[in-house]
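J.: Chains as they are written, first to last, in the numbering used here: chain C, 1 to 257; chain X, 1001 to 1247.
Since the hints were made in silico from the structure, they are not lab data. The beta-carbon is built from N, C-alpha and C at its ideal position, and this holds for glycine as well. Misleading hints may appear alongside valid ones.
Said to hold, decoys possible - Some chain C residues well away from chain X (every beta-carbon gap over 12 angstroms; in silico):
1) TYR36
2) MET42
3) PRO71
4) ALA73
5) GLY92
6) LEU136
7) PRO139
8) SER184
9) LEU221
10) GLY222
To be verified - Covered stretches of chain X (chain C as the covering partner; in silico rule of three or more C-beta atoms under 8 angstroms from a C-beta of chain C):
11) 1079-1090
12) 1107-1118
13) 1151-1159
14) 1201-1211
What the hints assert, rightly or not - Covered by chain X, according to a simulated footprint, are these stretches of chain C (three or more residues, beta-carbon under 8 angstroms):
15) 121-134
16) 151-159
17) 195-201
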Amino acid sequence: MDELGRLDTPLHRLDARTKIITTVAFIVAVMSFPRYEVSALMPLFVFPFVLMASGNIPAGSILRKVAFAAPFALFVGLFNPWFDQHAALTIGSHTISGGWLSFASIMVRFALTVSAALILVACTGIHHLCAGLEQLGVPRLFAVQLLFLYRYLFVIGEEGLRMIRSVQMRSTGSGPLRLRTYGSLTGHLLLRSMDRAQRIYCSMASRGFDGQVRVLRRTALGWRDVIFAGGWIAFFIIVRNWNLADGLGRWLTGCGL
Amino acid sequence: MSKQTIELKNLCFSYPDKTEALRGISFRIGYGESVAIVGGNGAGKSTLLQHLNGYLMPSNGSVLVGDQPITRETIAAVRRSVGVVFQDPDDQLFMPTVFDDVAFGPLNARLPPEEVERRVTAALERVGMLHLRERPPYKLSAGEKRAVAIAAVLATEPDILVMDEPSSNLDPRGRRRLMNLLSGFEQTRIIATHDLEMVVEICQRVIVMDHGTVVAEGRPADVFMDEAKMLRHGLECPHILRHRHPH
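Put together the whole structure using the sequences plus the hints.
T.: In structure tokens form, the structure reads like this:
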């Protein structure tokens, strides 16, 4: 994701705030649809696809990450088809229950919002994102936390991997790790990360840290930002108020109203 | 009086669990000197270093930077003049890019953007890492990380450079580069290390610690040649000296 964040495309050059606001507007638009809505959501896929194309972001890497998070959404919607069995839609001789519709709707919304958030990170870079959040008035504490979380995730992850490897080396390949070992392992990891936090604070303090992370700002809002945010938000409003997929279908099949 | 001197007067420190880490340490390091602090594991080196910029406060005795004792009031000024390079560069490089990391200190000092830019460029150039300025620090090699960590401290333009194990985890080439870099600095340098060979090459004076006290002090060649004493304190005579003075 970091590599992607450093690409230089017109999309990357936009101010972080513009992309944050547009993405939030997108998520709000997606969430505001009624719960059985599926077809009207479809035109919104234009947003992530256009962004991926214009930001040179490989769809594969975004899709993999979306798939990775998919089980969470799956569990949220899993029971809808059982609990909500009233017929909501008839296609030919098949009836589809409201539960299946709302389940499909949850999955579509999930795919839309998660991919949009991932694309936001990929086309902005985490540090510009945090700086943008701070400029937009998000409490500094949260922005700094996010930055640190992202930075040290890898370090702690690597430490955890090293610990697991050392356990495996000494467990003569027999069976999975026991719960007790896991407990001790995670406990140690916690203690180590607390020690590390202490050392990081020490190094920050010795370079004059006073609670505020300052970054040299190298961005400014321009007319491109206004066009980008304005254009997309107008598109979201149109999609929200008129079912474009339905309209297109009627127009193509000549069914009229 | 110059701020480039540092003086410890009967420095004592106990951890909250009553472990006595430092028991009455006194020495003075003058302008532009390059001094090594050596000693076995647990001798108190790291605890001592943490006193030099006020991260730990003495239980007894005092630390003077220039002629100012370190107190809660002077701590900000002390931290501006004493730069600390930590042992694990990962603890020090936490910003998203090398540039931001090196700019962290100057920005905290509220310098104007042009000055920040100038200092970052100068510091990175000094350690030969200017080409990495837009890279994320965690993607760098150990040697590059160390160099960037040093640049991050240099950018604050300290009078005194304190380093904890600067040559650890470096390959021979990285270590050699580091030594050339360190011997080129004009600041006062205090280096805690186990790398005795490096001490012989780049330090004018060495302070040997054991059990929280100073057990020997002097020119590295003189101190290290007393092999019996060195062995007693968990150290040894470095090869580079044996070679020079075969016996």
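J.: Residue count check for the segment 121-134 of chain C against chain X: does it reach three with CB-CB under 8 angstroms?
T.: It holds, with 3 qualifying residues against the three required.
J.: Would the non-interface assignment of C/TYR36 survive a Cβ cutoff of 12 angstroms against chain X?
T.: 42 angstroms, holds
J.: For C/LEU221, is the shortest beta carbon distance to chain X beyond 12 angstroms?
T.: 18 angstroms, holds
J.: Checking a non-interface call: every C-beta of chain X should be farther than 12 angstroms from the C-beta of C/PRO139. Is that right?
T.: The assertion about C/PRO139 holds, with a minimum of 19 angstroms to chain X.
J.: For the segment 1151-1159 of chain X, count the residues whose Cβ lies under 8 angstroms from any Cβ of chain C; is that count three or more?
T.: holds (count 3)
J.: Quick one: see if chain C covers the segment 1079-1090 of chain X, three-plus residues with Cβ-Cβ under 8 angstroms.
T.: holds (count 8)
J.: Confirm or reject: C/PRO71 is not an interface residue toward chain X, with every Cβ-Cβ distance exceeding 12 angstroms.
T.: 29 angstroms, holds
J.: Can we confirm that no CB of chain X comes within 12 angstroms of the CB of C/LEU136?
T.: Holds, since 18 angstroms exceeds 12 angstroms.
J.: Taking the shortest Cβ-to-Cβ distance between C/SER184 and chain X, state whether it exceeds 12 angstroms.
T.: The assertion about C/SER184 holds, with a minimum of 22 angstroms to chain X.
J.: Count the residues of the segment 195-201 of chain C whose CB lies closer than 8 angstroms to any CB of chain X, then report whether that count reaches three.
T.: holds (count 3)
J.: Within the assertion that chain C covers the segment 1107-1118 of chain X, do at least three residues meet a Cβ-to-Cβ distance smaller than 8 angstroms?
T.: It holds: at least three residues are needed, and the segment 1107-1118 of chain X offers 6 whose Cβ sits within less than 8 angstroms of chain C.
J.: If I take the minimum Cβ distance from C/ALA73 to any residue of chain X, is it greater than 12 angstroms?
T.: 29 angstroms, holds
When the structure is compared with the earlier hints, a violation turns up for hint 14 alone.
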